[in-house]
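Asker: Sequence:
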Amino acid sequence: MSQIETKKIIKALNVSDGAGVKLKRSIGTPEADYIDPFLMLDEFGSENKDDYLAGFPPHPHRGIETVTYMLNGKFEHEDSTGAKGLMTAGDVQWMKTGRGIIHSEMPAMSDGKLLGFQLWINMPAKLKKNKPQYLYMKGSELGVHKDNEKIVKVIAGKYEKVEGPEKNHNVEPIYFHIILEEGKEFNCDVPEGHNSFIYLLEG
Numbered sequence: 517m518s519q520i521e522t523k524k525i526i527k528a529l530n531v532s533d534g535a536g537v538k539l540k541r542s543i544g545t546p547e548a549d550y551i552d553p554f555l556m557l558d559e560f561g562s563e564n565k566d567d568y569l570a571g572f573p574p575h576p577h578r579g580i581e582t583v584t585y586m587l588n589g590k591f592e593h594e595d596s597t598g599a600k601g602l603m604t605a606g607d608v609q610w611m612k613t614g615r616g617i618i619h620s621e622m623p624a625m626s627d628g629k630l631l632g633f634q635l636w637i638n639m640p641a642k643l644k645k646n647k648p649q650y651l652y653m654k655g656s657e658l659g660v661h662k663d664n665e666k667i668v669k670v671i672a673g674k675y676e677k678v679e680g681p682e683k684n685h686n687v688e689p690i691y692f693h694i695i696l697e698e699g700k701e702f703n704c705d706v707p708e709g710h711n712s713f714i715y716l717l718e719g
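Using my numbering, the first residue of the sequence shown is number 517, and each one after it goes up by one.
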């Protein structure tokens, strides 16, 4: 198995978005403005309600996919396709905006810890005028691999014999949440030509 060389280590920047929600942004910054096809990666999280209560009121997107993964707390989604959903810990929201969508994401909690990620993926040019789609995956639907060294939650793609719940993807993404025992290693196959990154949350 060949190894992929680490080209850059990036420190996330503290930014705000939406109606003033405080975020940590690692992709979509001057240091890493674009890692094809990834446009942006934000960690949103705080135990201070003032950092997130304003949420993300209605705003437009087009030509991209947004993937929201909740680790703690509750968020409500509503969009112009008529889709509504309540995201709780472990849930995934995958929105393919196509020719355009207006949506909002607002906290469904008045205090406590909020933690999650949002990833933006560029859609292929030939698909940018497609009808928008909203996919909601409960945490219990995610494939999970467990052994003595690690837990791998498969949001998209395949690890060992475990696959993510959604098979119809535009860019063949691999998206894992990896919980690794101290001192242990994680290995996986990355298709040739694919760009990849690791976000270290703890450790």
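Incorrect hints may appear among the rest.
What the hints assert, rightly or not - Pairwise CB distance ranges, derived in the manner of DEER restraints:
| # | residue 1 | residue 2 | range |
| --- | --- | --- | --- |
| 1 | Gly719 | Lys645 | 23 to 33 Å |
| 2 | Gln649 | Pro707 | 37 to 47 Å |
| 3 | Lys654 | Pro574 | 19 to 29 Å |
| 4 | Ser532 | Leu717 | 32 to 42 Å |
| 5 | Asn711 | Lys590 | 15 to 25 Å |
| 6 | Asn564 | Lys647 | 37 to 47 Å |
Hints in this document: simulated from the structure, not taken from any laboratory. Keep in mind that this is a model prediction, so the values were computed, not measured. Backbone N, C-alpha and C define an ideal beta-carbon position, used for all residues, glycine too.
Asker: State for each hint whether it applies.
Answerer: Now for the hints, and whether the structure bears them out:
Checked against the hint of 23 to 33 Å, the pair Gly719 and Lys645 fails, with Cβ atoms roughly 42 Å apart. The hint said 37 to 47 Å for the Cβ distance between Gln649 and Pro707, and at roughly 24 Å that hint is violated. Taking 19 to 29 Å as the suggested C-beta distance range, the pair Lys654 and Pro574 conforms, at roughly 25 Å. The supplied range of 32 to 42 Å is broken by Ser532 and Leu717, whose beta-carbon atoms lie about 20 Å from each other.
Restraint check, Asn711 to Lys590: a C-beta distance of roughly 32 Å breaks the suggested window 15 to 25 Å. A hinted range of 37 to 47 Å holds for the C-beta pair Asn564 and Lys647, which are about 39 Å apart.
Hint violations for this structure: numbers 1, 2, 4, 5, all remaining hints satisfied.
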